Every structure is written in C-alpha cells, then in structure tokens.
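Protein chains: 2
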Amino acid sequence: MDENWLVRETSFSRETMLARETVFTTGNGYLSTRGAFEEGYPGERGATLIHGVFDDAPVVITELANAPDWIPFAPRIGGQRLHLDEGELTGYERVLNLHNGLLRRKLRWRSPAGQTVDVEFERFADMADKNVLVQRLRVTPVNFSGEIEIEAGLNGVVANMAREHWNKMEQGSTGENGVYLESSTRHTGIMLCEAMRLLLVDAPGATFTVEQRENAPTVVARLRADVGQTVKAEKIVTLYTSLDVGRRTRAATLQKLDEITRGGPAFERQLAASEEAWERLWERSDVQIEGDDEAQVATRFNLYQLLIAAPQGDEYNSLGAKTLSGFGYRGHVFWDTEIFMLPFFTYTKPETARDLLLYRYHNLGGARRKAAYGGYKGAQFPWESSLGGEEATPRYVSGPDGAEIRVWTGDIEIHISADIAYAIWQYWLASGDDDFMMRYGAEIILDTAQFWASRAEWDPASGRYEFNDVIGPDEYHEHVDNNFFTNYLAKWHLELAFKTKDWLRQRDSAKYEELAGRLGLDPASDARWQDVIDKVYLGIVPDSKLFEQFEGYFQRRDVDLSTLEPRDKSVQALFGIKETNSTQVLKQPDTLMLMYMLPGEFSQETVRTHWDYYAPRTDVTHGSSLAPGIEAILACRMEDPEMAYPLYMQACQVDLKDLRHNTADGIHGGTAGSVWQAAVLGFGGVRVSEKGVDAEPHLPAHWRSLKFKLFCHGELREFDFENSQQ
Amino acid sequence: MDENWLVRETSFSRETMLARETVFTTGNGYLSTRGAFEEGYPGERGATLIHGVFDDAPVVITELANAPDWIPFAPRIGGQRLHLDEGELTGYERVLNLHNGLLRRKLRWRSPAGQTVDVEFERFADMADKNVLVQRLRVTPVNFSGEIEIEAGLNGVVANMAREHWNKMEQGSTGENGVYLESSTRHTGIMLCEAMRLLLVDAPGATFTVEQRENAPTVVARLRADVGQTVKAEKIVTLYTSLDVGRRTRAATLQKLDEITRGGPAFERQLAASEEAWERLWERSDVQIEGDDEAQVATRFNLYQLLIAAPQGDEYNSLGAKTLSGFGYRGHVFWDTEIFMLPFFTYTKPETARDLLLYRYHNLGGARRKAAYGGYKGAQFPWESSLGGEEATPRYVSGPDGAEIRVWTGDIEIHISADIAYAIWQYWLASGDDDFMMRYGAEIILDTAQFWASRAEWDPASGRYEFNDVIGPDEYHEHVDNNFFTNYLAKWHLELAFKTKDWLRQRDSAKYEELAGRLGLDPASDARWQDVIDKVYLGIVPDSKLFEQFEGYFQRRDVDLSTLEPRDKSVQALFGIKETNSTQVLKQPDTLMLMYMLPGEFSQETVRTHWDYYAPRTDVTHGSSLAPGIEAILACRMEDPEMAYPLYMQACQVDLKDLRHNTADGIHGGTAGSVWQAAVLGFGGVRVSEKGVDAEPHLPAHWRSLKFKLFCHGELREFDFENSQQ
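Chains as they are written, first to last, in our numbering: chain C, 1 to 726; chain L, 727 to 1452.
For the record, the hints were derived by calculation from the structure and aren't laboratory data.
No experiment lies behind these values; they were computed from the predicted model shown.
Just so it is clear, CB atoms sit at the ideal spot from N, CA and C, and this is done for glycine as well.
With a straight-line Cα cutoff of 25 angstroms, these simulated SDA-like cross-link-like pairs (lysine to any residue) come out:
no.	chain 1	residue 1	chain 2	residue 2
1	C	Lys545	C	Asp534
2	C	Lys499	C	Ser454
3	C	Lys499	C	Arg354
4	L	Lys982	C	Arg439
5	C	Lys511	L	Asn881
6	L	Lys1237	C	Arg250
7	C	Lys499	L	Glu940
8	C	Lys511	L	Arg948
9	L	Lys1237	C	Gln212
10	C	Lys511	L	Glu940
11	L	Lys1417	L	Leu1442
A short, non-exhaustive set of chain C residues, derived as facing chain L with CB atoms under 8 angstroms:
no.	residue
12	Lys168
13	Ser184
14	Gly189
15	Gln212
16	Asp244
17	His362
18	Gly365
19	Arg518
A short list of chain C residues far from chain L (calculated; beta carbon distances all over 10 angstroms):
no.	residue
20	Glu15
21	Gln80
22	Ala113
23	Ala206
24	Tyr396
25	Pro400
26	Trp428
27	Arg464
28	Leu521
29	Met643
30	Ser689
31	Asp694
32	Glu722
Build the full structure now, drawing on both the sequences and the hints.
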C-alpha cells in the first residue's frame, strides 16, 4: 500500500492515548467508533456515536449517546486476558488505511506468566452496508503451545465520560455463537439493538460458550494452538436503531446478522464490498499532492474524517462540529457544517450536500419558533442544533475554576441564518439543483430573510439600520454592535432573497404564491427588505480604508501578539474573557472571512489592506482552528502560496499532531473542511460563479503537482496542475 | 342496531362538551381521537394521542403529545363555514356504535344567511389497519340549491392544552386531491407524517383546490347541489410515526394512502374490514347482561374504551391511567394497568396482556436504576412510567390556589413492584404461558423480589421487618409505616419468587443459572428473603380482629362520612391534604383491596369483619374511582349482589355520567377495568386458581342473565348464567 494513504503509529503511550483514539476513528457515515482498544485500557475514552441518537443531558441539553460498545474482542492466554498495562509489550504498530477505512493493530505481548503471542486486530465499519461492523483477530503463540481463548462481546455499560444514557431492554443468544443486546436511551427512548457472532476460521476443535453477563453478553471460544500456528477469529456485528426501522430493531438486527454470516467467515467478503464503496468515494473526492508526502497524507486524513462522518443517504441528520469522533460539542451542529465542511460535499458529493441542507429544511420549525420567541419574524436557526430543531446551546458552562460562565452564542450569534442561506446558494450554483431550490432552498432563504428584516433596528439619529448586541464569528468579542461580517452577510442575504423570489416566481408561480402566502411575503416585506439593503450600516469609518470589524473595535486596546510568544494557550485563556474582549485580538478574522466568502465583492487591494491590519491581530495558533485554512486561501489569492503553506499545514495537522491539545474531544470537522477548501479553492485557485468554473492555481514551490476533481452543474471536472515553478 | 350497543346524545351543550369529547373517543389500539367536532368549536379540547409519542414537558416530565389534528372536515354553504356557535342548530344527534367503533353525528343547521342543510359526519379509526383513519361527510341542502364547498385538512397547530409539542417539518401535496404534513416532536424528535385525500362520491362536476395554509394543508372541493340532493364526501387519512418505521414516515404514509384510495371511495370497504376486526374482539370480550339495558350499555362502553386504548401487537407501550382519551395523567402508566385493567386482557385477550407485561420487562433498566438510586438492590418500578422507563411522577404540582404541592407517590408509593409481580402470576395462571414466564416473567418477579428484600428494614426492638415511610393504595395517608397492603403483598411476592425460582430451576436450569448470575441470586439472598417472609410485620393489633391499615391508623380521628353529606367533592378537597391525613377516612380501602386480590388467604368471616370497619370509612363516591368496582366484587363474595349493584353502576357510569366531574381529563381506565372484574369475578363469581376455574354467580335480582367468555389455559370458556331468582 502506498504510504501516502496510511496513518501509522509505532509506539503506544498513555499520554497521547486519548488524542490518538480520535485520530484512529473508523466510521461509515452512519456511525463512528473511536480508536480505543478491543481489549480495553484503563482511562480510555472509547465511544461509538450514531447519527441522530441524542439523549437529554444536564447543562448541555442534549448529546449523542455513546452506544453500547461493540468492539470488545480479546484473547486469553493461559487464562490471562490480554491487557497492555500488564505483562510486557515488545512490538506495537497501528495503521489506519485511509483508502479503505481499515484499522489494523499488531502487538507482540508477553503475558505475566511469560507466554508470548503475536496479536493482530483489524476492524472496519462497512461502507457498503451501514448496519454492519466487522472485526478480525489473529493470535499466534510465539513460545508455547496451549489453550487460547477468544472472548468477543457487546457491552452496554457505557457512558459519555461519566454520564450514562442507556437502559438495557433485553439480552439474549441468537444461536450459532451469537448474542444480542437491546437498549433504549433513557430520555428520548431511542431503541438500539446490537448483535454479534463469533466465527473461527479453520478451527475444527474449538468449543464455544455463551456467557450472559449482565448487560454484557459474551461468546468465548476455546481451542488449542501450537507454537507458530495462527488462530483466526472474526466477529461480525450488526445494529439498527428505531430511527432506522421503528421499534423492530431486534428483528432487523438479527436478520442482518444471519444474512451476513450465512456463508461462514465474512471478513474478506465484507471488506471487498466496503473497499469498493470507498473506491467510489475517493474516485471523486481525493486531492493528490505530489512532492509533499506529509501534506498528502494529512490532506487525505482530513477528507477521510469528513467522509466517515457525513450522514449517508440520510436527510434527518447533519454533521457535528467534532464529527462523530469525540464528545466535544456533544454532536451539535454549528455554522462549521455549512461554511467549512459543506463545500467539500457540494463539490465532490453533492447528494450529501443536499441531505445536509435538507436537515436544515426539516428543522425550520425550531428556527421559526426561535425567531418568534425573540420577537422576530421568519426563521432564525439555532446556533447549536441537534434533535428536533431546538436551540441546543448551553446557557452556561463550567469554567476551569468551576465557576459558571454564561454562554451567549445561543442568544446572539445570529450570523448562522445567513451562513445557511449562503451555503444553499453555493450548493445551487455548483449543482444546478433547481428541484432542491424550488422545493426547499427558496423557503429557507426567504423565511430567514424575514428574520433579518425584522431583526434590523432602525436608528433615526444616524439614518441607518443596525444589528446590535451580536457575536460575530470572532467570538473573543461578545455583545458588539454592527459586526461587519454579520451586517454585510445579512444585506447579501436579503439581496439573494430578492433574486430567489424573482427566480421562483418565474419558474413556478403556484409554488411562489403558496410560499408567499405561508411566509407572509408581500409589498410591505419587499419594501422593508429593500430599505434594510439600502441603509444597513457596513462599518465604514471616516478617514479609514478599513471596514471596522464592529463599532468601536478600533478604539480597543491593541496588543502585539509577538510579545506573548512563546505561548501554548489562547489569548482568551491567558487574559480571561473580559480582558480579551477589551483588546483588538481576534479569535478569527471575520472581516477577512467575509472577503473570502464573497470574493467578487472586494478588490484585491481591499483584501490586502484588510489582511495587513487584521491578520497580525488574529490568534491564529490558539484561537479558532477555523482561521488557518481560510487565511491560507486568502494568501493564495494574494499570490503568496509560501505564506499559505504553513497555515495550510497548521490546519492539516491540527489533529494528527494535536496542535491545540484538544484532539481528544474529537476531530476538528470545520478545520478538516477548510483543508479541502484551502487545497482546491486556495492552492488550486478554483472559483465557481454563475458563469462557470475557472481556476488560477498557486502551488507552493516544493509541490510538483496538485490534482482533484469537482462537480459543477452535474459534471465532474478534473483538475491537474503541474507546478510551473519546478 | 341493537340500542344496547349505542351511546346516544340528542342535544349539544357547551357545559358538558369536554366530558362528552372523552366519552365519544374513537380509537384502534394505536391511537385514540377525542370526540371533538370535525368543524371545530370554541373552547374544545380535541386531541389525538398515539401510543409512545411522548415529548418532554415542564413539571409533568413527559406527556403524550397531542398529534396534528386529522379530523378537520366541514362544509361551507354560500361561503359560510359550518360552526355550531353561529347560525341555528335545529337538529342534533350523536351516536357512538360500540360494536364497530363508528361515531356518527347528524345536524340540521341554518346558516346565518338562512340556508338550511342536513349534515352527517361519520368517522372511525380502522381496527383492521391501525395506520388508517376514515371519515365521511354528507350534506343535503334543505331549502336551497347552490354551491357547496367541502373543506378537508390536516392541522399541525395543536397543543396539549396550551403546550405545543410539534415542529412542522414539511407539508405538501400528494396529487389527486391529497396533502401531507410531516412533523417532529420538539424534544424527543419523534417524527409523524399524516396524509389525507378528499374523495367525492358521484360528483362529476366538482372542482378541487389544494390550499397550502401554513402548517395546515387543506383540500377544498366545490360543487353545485340541488335542494334535497346529498353531497357525499370521504376523507381518508393515513399516518405513521418513526416509532413504526424509522424516519421513513413520509414514504410509508403516502404509500398507504395510495393503497387505500386506489380503488376510489373507500369508506364502506374500510368499515367492513374494521367491523370484522371488531367482531373478533367482541366475540371474546363481550359481557352480556339481560334485564338491565342501562347496565348493559354502560358495561360495554367500558370494555369498548379498554379495547380501543390497549396497544395492539405492540410490546413497547402500555395503557395509561386515562387511556388515550384525554390529557389527565399525561399518558403515564400506573398500577391501574396491572391491577385493574390487565385482568380483562389476561382473560379475554391474552396476547395483549402479554404485550402489556413485556412493556414492563423492557423497562426493567429504569426500574433497576430507580432501585439503585434509592440505595436498594434489584428492580423497583417507577410509580409513573412512560418512555424510557424513568420515574415520570412529577415532584410537585400546582394546587388550586397556585401553591406548589409536593407529590410523594414517585418516592414512596412502592407497592407497584408487587402489583406487577402479581399481574404476571395472574397472567401465567390463566394463560399457562410458560414461555413468557421463562424468558421474561421470572426475571421481573425475581429482580423485584430483590428490591423488597433490600427495602425491608429490620427493627431489632420488635424483632420484625418493616416497610416504613410509604404510601399505600389509599393515598389519603402519606408517609405511613407498615401499610398492611404493601407489607402483605411484599411477603406474598417473596413467596412467589421462591416458587418461581424452583419452577425455573426445574424447567430450564441453564436459564436459571444465567438469571441467578445476573441478578445475584444466591444462598444469602435466599436466606434474606425467607427471613423477611417469616418476620415481616402484618398489622396485627393486640385485642383486635382487624388488620390495621397502617401503624397508628386506629388512633387517627374517626369521621362519620354521612355527616358530610350532601357533598360534591372528595374528603381531601373538603378537609385539605394534611387534615385528611389525620383522619381514618380512606381514599380507597386498601386492606379490602388486598383481600380481594388474594381471596384464598382470608376467610369469609375475616373479609366481612374488615368490610364492616373499612367500607364505611371509605370515600367511595369522590375518593378513588377504583374503589366502587372492587367493593362491588367483595359485596358479591359476601353474597350480597344488591349491595354490589349500585357500586357497580357507580363504576360503570363514572364517565358516561361524569360522576366525578373530571371525565374531561379522560376515561377512568382503571375503573373501566374494574367494571369487567366486577361483572365477571364479582357477579359472575369466577375464580381461577392452580386447580382450574370455577364460578359461583350472584346476580342482582333484576338481571335475567349474565353471559361472558374467558380464556383459561389457552381455552376459551363460555359462561351463561340464568338468574335463578327470576
């Protein structure tokens, strides 16, 4: 296998264990499982998170419930169960194959009694059959002959850190060395059945025992192995939730298990089918970089994480900010999805982009009520979204010293409604999916436009509309007035709404009339929208060439970030929330962000002027992980790929190298999305507009070439840039 | 139709409207719909409640969410929509046919403009196809010829009183005069799709319009009718929730709609199939009383309410205390199900009884945690149960003056765990369903026995085990020690557990070993159980022939209830909670209740002695509605059917006559169950024991005969008692 598809680890350390569990996550768009060990390890944070399986939780409102553990699979040698914290580990290698999603781990282990074995674990989430998970275990005695036991089980005693979410409903045997475990989330009542079967390959003398341990049904195989002789075991797992099949989860799960294992050992067969599905994904989605293996594997790693996390064929779930790879942000969905991750799907897997946007459509009900509760019209999407479309942002969290910190984003970080409209427009532009636009997209754009128009405040003194008391993407500054990003995008959104209305009226006047009736679109709303477009304040400060990020920003204290180096934490962690708020230091440069999003609206010179001011004031290393990728793109647009490159690598390696010391909480999904954008829209210089697609690449000097594909208007276009500098 | 199958109402009054909505509930074991009007009425409390569709709610924790309204169906005459609070009503009749579940209403109405029409509404929930609801509307102009419009719709703007539970996800047209509405509960994310199609019968000139009103898609038919010419319209509704089919609710709903309406008008066809299903239900379940039409129809009314409410072919839901007919008790499940309602199913529809008990099995997880949270072993069922098996009893409610009243039942009304074991035993005895007992029943009985043994407190001073700080079935007395009902039943339960263990060990030793391992059954637990059985305190007071209801009861203030007459409210409402607690007045006579439940354990003389003491002290008219039916049975056992009869009618007519002024909140499901028990086990004198079934009838003098059937050991036995006194 080409090393550029492999993430490899050659030693094990307790210190990095939790971050590496995140890195070695496997998944298939239905669920993901963190890279914890099949045999377990003290202090591990193993988890399997399934799209949509939310349960209530104090403070954080709702979270994806860590599902009953399906991975337990371990040998016992002379009665001693394999545990890496006992005995002696004399060989260790773990490899994640990004090309086919297979995770493999090889150990040489000496038991406390001195028996040495070679052990090889493999597992994958079947990309071709989302309800199937597959494991293989190979054990070879190195210095003895004797009895080996293989223990394979399901374990319902799981928690999200310490919070338990499941009630066991039933456990039992399926016959033929299989067991099942049926559980239900405690509050939302979502049912989940998992079943497994243990199969040995070429082991005629083996005996099997089913052990119905409470909430942990287990099958144990016993057999004799001679020195050098490899015992091969497979464990096939199937699972369904009530979100899939209603409450017939057990029947569906057992039927699937029988179907998969009917022909005996199934690992190779399932892997082949899964590999084919992976092949089809990479065929469209791969980004090939020649001349930089580190960047190549890191780039693919980020795309892999997006591919395993995005719901497949499922319009009722979206992609959380931390994907399905950790407990951070509880599986909640933020703007990260639409602005950072969605472009990857819009351009390489548009059917998934459509589903992700349908998730928003299906949650318009919650958005309408959020608007109504605030006293506004139309639809205002929640800052954090989960099950049922309610605002899921905690109102407070515990700070490091235990004090409660009020979280304001759910109340006033309002730009998300425009971000979603922007993503719909981008999807429409790229896909030409008029059907989506007519049936769903237009309604979202128009009803969120109603929100913006009613949220705008008229200031008679200055004769302008304002959006006051907001948080922009730069979250170091709370409760600001007239955030440039927010105001500008709101204006852009209202203009888009007019275009959408006109388009819809022409394409399907009956649908238009229906929507106009339901959403209250009339001459009065038209007039209001136009008035806000004409008169919204846009941060133009007299005698300055700069848009001011928000009113009064330039008066805040200026801090030379270089004076704080070296540092290992964010400026907010150093200064505190209040003090940071009083400076010009940015968590992310949202004025630059806007210029990235709307490239046609700002001149090269304007961008450069703003770069020169805002980039040095941005906490790009420890502020938002979303910033480096976007800055890399702007650097490319300013024709400076060498400046872009370290920013790109900072984004690429945020989790591979745990640059922000929080990879244990899960993959930085938005950052992963920004990697694709930086590669394709930055170095590749691709721009998609109404007129079509063009590209002006700017490759780092050491890259020999950059290749990728993207869909534009239903057509898969291939780009292959040789580096002219080489 | 035999009048003894009909509940008839010949006038409409606003005052009784809400109670009558409850009485005229239609349903099919999947959902029920209150008898609100198709055209709506100000102040109505229409509702459709679907098994399992719970959503979070403040204070009451969780409640069945009133589903989007499927019944809107009304004519417009000369542009004026039918409304009974406008124009003039000159004819009115409403009839519920208990035999086939058809609700029919006939009106003669003069519009404000003076146009008079005869209108006939019919509707039923299809008993043969649970996801289908059927309506018919017939309109006949009496004094004019002209345009008639028929409006048929779905309405997502619904609430549980004022609390809204749904987000609209999508509305649309199905083609062919159909619309759909897809919604999701706000917190639990349960999806529901409803679809409908409007069909006219013999109306070639009609035109149809689809009106996509926000959250209320509607189809309007317009046609001309001549005086005396009847316009016939049908509305076919289908619906599925994600509990049925996962998130494919829309596809399932639309497919079913097409299937049902493929052949055009479907009312007659669906009614015929539904009637057949009803026929099969009544074939086993009917209780026939000759010589007392009032008792006959009232008895059938109660059985009807149980038949439409019990989940059909569904082991994940149970039957709430108020069935599915109102918002009272929020759809929560109490002991009412196992002790009062279950016997009807155990003896006439054992497959439903099994499902109801499986619901408890599936919720053992919650029961185990409730025990663990209290510091006990084993499983303790919640006093109120809903989705997910958590304790769903509110911790407080608002009193009439707005003050918060602490509700203690969830904490200390612990007898429910023994009630469930009792119900399992009763089901087993009647059905001989060893398979259920081995796989499920035994585990419940044994793990709840573990709870009792650990909950028992040893009092070294008296040398006895006690159960202190409890509430017995008589809820007028809170925080009592050694409630006789609770202590006796706990002892009985532990004895049952020993028998169950022995039986299981003999029948299937492997299953026994598995259970023993999982539940911690060992010599120590055996010893503890036996010790509690031998030494639990049973309320025997020196120098008294009476078991004392709880310790110190006899010292409480005695009140002659006759001195409070006439009264129209409960003693607790008259005296207040605290004052009532200090008296001997009972909400229900739980010592007598126990003697009813365990007839073999108390002599006739003992029963009579206790009756003489406790019955006069019971607030039988306004205390618990569960009391009269049980007292009627005891009266029969004391061979006094004439004393039993008024008690029986009090139970029978509690909702038909709104005797307790709370029928608006829903049918008294437990009372309905007590009616069947009083008829069959009381007047019919049936007793089922290990030895078999026998009967010693005691009919009221004016009854000519009593006929019913019941299953015993899988065999349907028929009983036909002629009254020998006549």
